[in-house]
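Asks: Let's have the full structure, built from the sequences with the hints guiding it.
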Amino acid sequence: MPIYTVYHANDLFAAYQHVSTHKPLEREQYHPVAAVEAEALEAVFQLTNSIEQPRWYHRAVTPVPGAVPTRSTSVGDVVVQGRKVWIVDRFGFTETRWVTRSWLPRLFSWMHREEVTR
-6 MPIYTVYHAN
4 DLFAAYQHVS
14 THKPLEREQY
24 HPVAAVEAEA
34 LEAVFQLTNS
44 IEQPRWYHRA
54 VTPVPGAVPT
64 RSTSVGDVVV
74 QGRKVWIVDR
84 FGFTETRWVT
94 RSWLPRLFSW
104 MHREEVTR
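Take the sequence shown: its position 50, counted from the start at 1, is 43 in my numbering, and no numbers get skipped.
Hint data in this document are derived by calculation from the structure and do not stem from the laboratory.
FRET-style restraints, in silico, Cβ to Cβ:
1. Arg64 <-> Gly85: 18 to 24 Å
2. Ser13 <-> Arg64: 17 to 23 Å
3. Asp4 <-> Arg52: 27 to 33 Å
4. Ala7 <-> Arg52: 28 to 34 Å
5. Glu30 <-> Gln10: 27 to 33 Å
6. Phe6 <-> Glu32: 28 to 34 Å
Note that CB positions come from ideal geometry on N, CA and C, so glycine has one too.
Replies: This is the structure:
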């Protein structure tokens, strides 16, 4: 059975904005909260959207050490399996991708260097 990692947004309101824009997600804006063994994304959501009981009571859900389980998985949160990344959308999931801010300064310095050498 596949294992998925659930990431919660550091700022849920900002993450909710990504749902409508479908832009790549900044990895630094999310933190991992659980690994979930499930057959499908819908099961991952069901197991981590805590209504009846907290998600860490399910055998299929393993909390990330050091992560404080603070809320249910919601629209704007992210589920990852291998190299595939999905954002929880208003209805279902939308496949997206991570970007990491750490590469931006290198890109801008390279662009600047290209302009200077012209």
